[in-house]
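The task is simple: from the sequences and hints, build the whole structure.
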Amino acid sequence: NAGVMQNPRHLVRRRGQEARLRCSPMKGHSHVYWYRQLPEEGLKFMVYLQKENIIDESGMPKERFSAEFPKEGPSILRIQQVVRGDSAAYFCASSLDREPLHFGNGTRLTVT
Amino acid sequence: GQNIDQPTEMTATEGAIVQINCTYQTSGFNGLFWYQQHAGEAPTFLSYNVLDGLEEKGRFSSFLSRSKGYSYLLLKELQMKDSASYLCAPPGSGGSYIPTFGRGTSLIVHP
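Quick note, the sequences are listed as chains A and B, same order. For the first sequence, this note's numbering gives the first residue as 1, with consecutive numbering after it. For the second sequence, this note's numbering gives the first residue as 1001, with consecutive numbering after it.
Simulated pairs of lysine-lysine, DSBU-like, Cα-Cα distance not exceeding 35 Å:
| hint | chain 1 | residue 1 | chain 2 | residue 2 |
| --- | --- | --- | --- | --- |
| 1 | A | 44 | B | 1076 |
| 2 | B | 1081 | A | 44 |
| 3 | B | 1068 | A | 44 |
| 4 | A | 27 | B | 1076 |
| 5 | B | 1076 | B | 1057 |
| 6 | A | 44 | B | 1057 |
| 7 | A | 27 | B | 1057 |
| 8 | A | 51 | B | 1057 |
| 9 | A | 51 | A | 27 |
| 10 | A | 27 | B | 1081 |
Here are the computed distance ranges between Cβ atoms for each label pair:
| hint | chain 1 | residue 1 | chain 2 | residue 2 | range |
| --- | --- | --- | --- | --- | --- |
| 11 | A | 83 | B | 1068 | 40 to 50 Å |
| 12 | B | 1015 | A | 20 | 43 to 53 Å |
| 13 | B | 1011 | A | 76 | 34 to 44 Å |
| 14 | A | 16 | B | 1050 | 42 to 52 Å |
| 15 | B | 1044 | A | 97 | 19 to 29 Å |
| 16 | B | 1058 | A | 96 | 21 to 31 Å |
| 17 | A | 12 | B | 1056 | 38 to 48 Å |
Computed list of chain A residues with no C-beta within reach of chain B, every gap over 12 Å:
| hint | residue |
| --- | --- |
| 18 | 8 |
| 19 | 11 |
| 20 | 52 |
| 21 | 53 |
| 22 | 63 |
| 23 | 65 |
| 24 | 74 |
| 25 | 78 |
| 26 | 81 |
| 27 | 110 |
Source of the hints: derived by calculation from the structure; they are not laboratory data. None of the values given here were measured: they were computed from a predicted structure. All C-beta atoms, glycine included, are put in the ideal place defined by N, C-alpha and C.
What follows is the structure, given as structure tokens:
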């Protein structure tokens, strides 16, 4: 069984560019979560989605960040007009309803 | 977060037992997760306490008291590969089920 797949593993963007991070949940999982982790910091919750619905986006910055989980295809976390402060590891996780989260290997975003 | 309080760092000897405590601000009666994270890697699921009490799984055990906002992770027969960060993850505020994470406890196992 394939686990949670994230790509790319590493992403370098210049300030002002867009970053698109992809996440394919584990087979059978319909709940997707995005977390951000800064160096030496804990995982910070960003958004929780189910197919075609954003359930909880209380951790998402109000501007430049968006997420989707379409009926077909992976979940996408999109960061527009990136700034240096967006440099972090972005982890996606998936789960069954009210079951433990399983994390992907993350995307390391570096903004130059 | 949920005012999650864990020791920043702990050290222990190979073969020993270590207990990592976690206190948090309770906001409901949802369960609590423990994850392990090696440097530069993804968190991996260790345990999920749905109810109060002790859950045992091989060398790892986890205890939860929801009314006290207290949990611990017990690691027995420590191995060098257990050197990692251990993340206590209670649910979010307002009855949310979504796990929230603190900075975790960095465990160093030495020979």
